[in-house]
Amino acid sequence: MSLPIIYDPVSKLVSIEETAAEDKELQEEIDQLNRLAKDLISTNSEIPESPEPSKQLSPMIKKLVTSGVEALKKRKFPEAIKQLSLAIEMASRRSRWEAFAVQLQELNSILAVRCDAYIMNKQWAEAYNDVDMLLGTQVTTPENFLRRSVAAFNLGRLQQAKVDLERGLCFAENDPRLKEQLNNVNKAIAMECGDL
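Residue numbers (the numbering used here): 2 to 197.
It is worth saying that the hints were derived from the structure and are not from the lab. Treat the hints loosely; a few may be bogus.
Unchecked claim - No more than 27 angstroms apart at the CA atoms, straight line, and that leaves these computed lysine-lysine pairs for BS3-like:
1) 56 with 25
2) 39 with 56
3) 180 with 163
4) 74 with 188
5) 123 with 77
6) 64 with 75
7) 63 with 77
8) 74 with 63
9) 39 with 75
10) 75 with 63
Said to hold, decoys possible - Simulated restraints, written as ranges between beta carbons of each label pair:
11) 126 with 42: 37 to 43 angstroms
12) 177 with 75: 22 to 28 angstroms
13) 29 with 56: 43 to 49 angstroms
14) 126 with 77: 51 to 57 angstroms
15) 195 with 86: 37 to 43 angstroms
16) 70 with 103: 15 to 21 angstroms
17) 189 with 140: 24 to 30 angstroms
It should be emphasised that the depicted structure is a prediction, and the values quoted were computed from it without experimental measurement. Beta carbons: idealized from backbone N, C-alpha and C, even for Gly.
Could you build the full structure based on these sequences and the hints that come with them?
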């Protein structure tokens with residue numbers, strides 16, 4: 002079986018033949034391959050770098066996260082959000098060949114803290130977006146369901162908040178924060194329906 006792709010030895014890039022131009026999935030794979038090739042070529046090295054996290058970038062990211070957490074403790078929420086957003090931006094600049102599991106864990110921990118900062122600053126939509134990404138990779142973490150339920154509740158999405166809390170309780174059935182928030186959501190739903 003042959004793929005409908007063409008390799009250009011001058012640019013060192015791959016493209017799709019016209020007959021397969023409609024295949025969006027293949028095009029996406031080719032685009033990713035070309036981005037990786039460009040990154041590797043730009044290192045100007047015969048041997049690719051180690052997949053270990055960058056020794057220059059990691060301390061800078063860690064410092065930004067620490068600054069963000071300190072600002073959060075001092076209740077300087079906009080400053081915390083700014084520092085954590087910079088940390089996320091910097092973490093996204095890591096080389097594509099660095100260990101993905103390390104990158105994912107790092108990004109998840111920063112997103113969790115930034116989500117908390119958004120919640121404390123009452124930026125519900127932003128908090129919802131962050132925790133939605135977290136739930137894409139950490140679906141068994143009850144705290145993420147609590148975060149999303151708080152954001153959903155404050156956005157007026159009471160039924161979704163209830164569902165999230167019930168899902169969180171599946172993973173931590175005795176969590177007092179989840180139970181308390183579910184009780185609050187149930188009261189709000191009852192009031193909305195005129196039952197209270």
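Original post:
Okay, residue 29 versus residue 56 on CB: inside 43 to 49 angstroms?
Top reply: About 32 angstroms separates the Cβ atoms of residue 29 and residue 56, which means 43 to 49 angstroms is violated.
Original post:
Are the Cα positions of residue 64 and residue 75 separated by 27 angstroms at most?
Top reply: holds, 17 angstroms
Original post:
Does the Cβ distance between residue 189 and residue 140 fall inside 24 to 30 angstroms?
Top reply: Cβ of residue 189 to Cβ of residue 140: about 25 angstroms, so the range 24 to 30 angstroms holds.
Subject >> residue 39 paired with residue 75 [C-alpha distance capped at 27 angstroms] >> reply: Outside the cut-off at roughly 43 angstroms; violated.
Original post:
Between residue 75 and residue 63, is the straight-line Cα distance small enough, at 27 angstroms or below?
Top reply: holds, 18 angstroms
Subject >> Agreement of residue 74 and residue 63 with the hint, judged by alpha carbon distance not exceeding 27 angstroms >> reply: The hint holds at about 17 angstroms.
Original post:
Taking only the CA atoms, is the gap from residue 39 to residue 56 under or equal to 27 angstroms?
Top reply: Holds, at roughly 22 angstroms.
**OP:** Check the following: the C-beta atoms of residue 126 and residue 77 are separated by a distance inside 51 to 57 angstroms.
**Re:** violated, 21 angstroms
**OP:** Kindly confirm whether 37 to 43 angstroms is satisfied by the beta carbon distance between residue 126 and residue 42.
**Re:** Since residue 126 and residue 42 have Cβ atoms about 40 angstroms apart, the given range 37 to 43 angstroms holds.
Original post:
Has the given pair, residue 63 with residue 77, been kept, meaning a C-alpha gap of at most 27 angstroms?
Top reply: At roughly 19 angstroms apart (the allowed maximum being 27 angstroms), residue 77 and residue 63 satisfy the hint.
Original post:
Is it true that the CA of residue 180 sits at most 27 angstroms from the CA of residue 163?
Top reply: holds, 10 angstroms
Subject >> Distance restraint between residue 74 and residue 188, which requires alpha-carbon spacing of 27 angstroms or less >> reply: violated, 31 angstroms
Hints 1, 4, 9, 13 and 14 from the earlier list are contradicted by this structure; the remaining hints agree with it.
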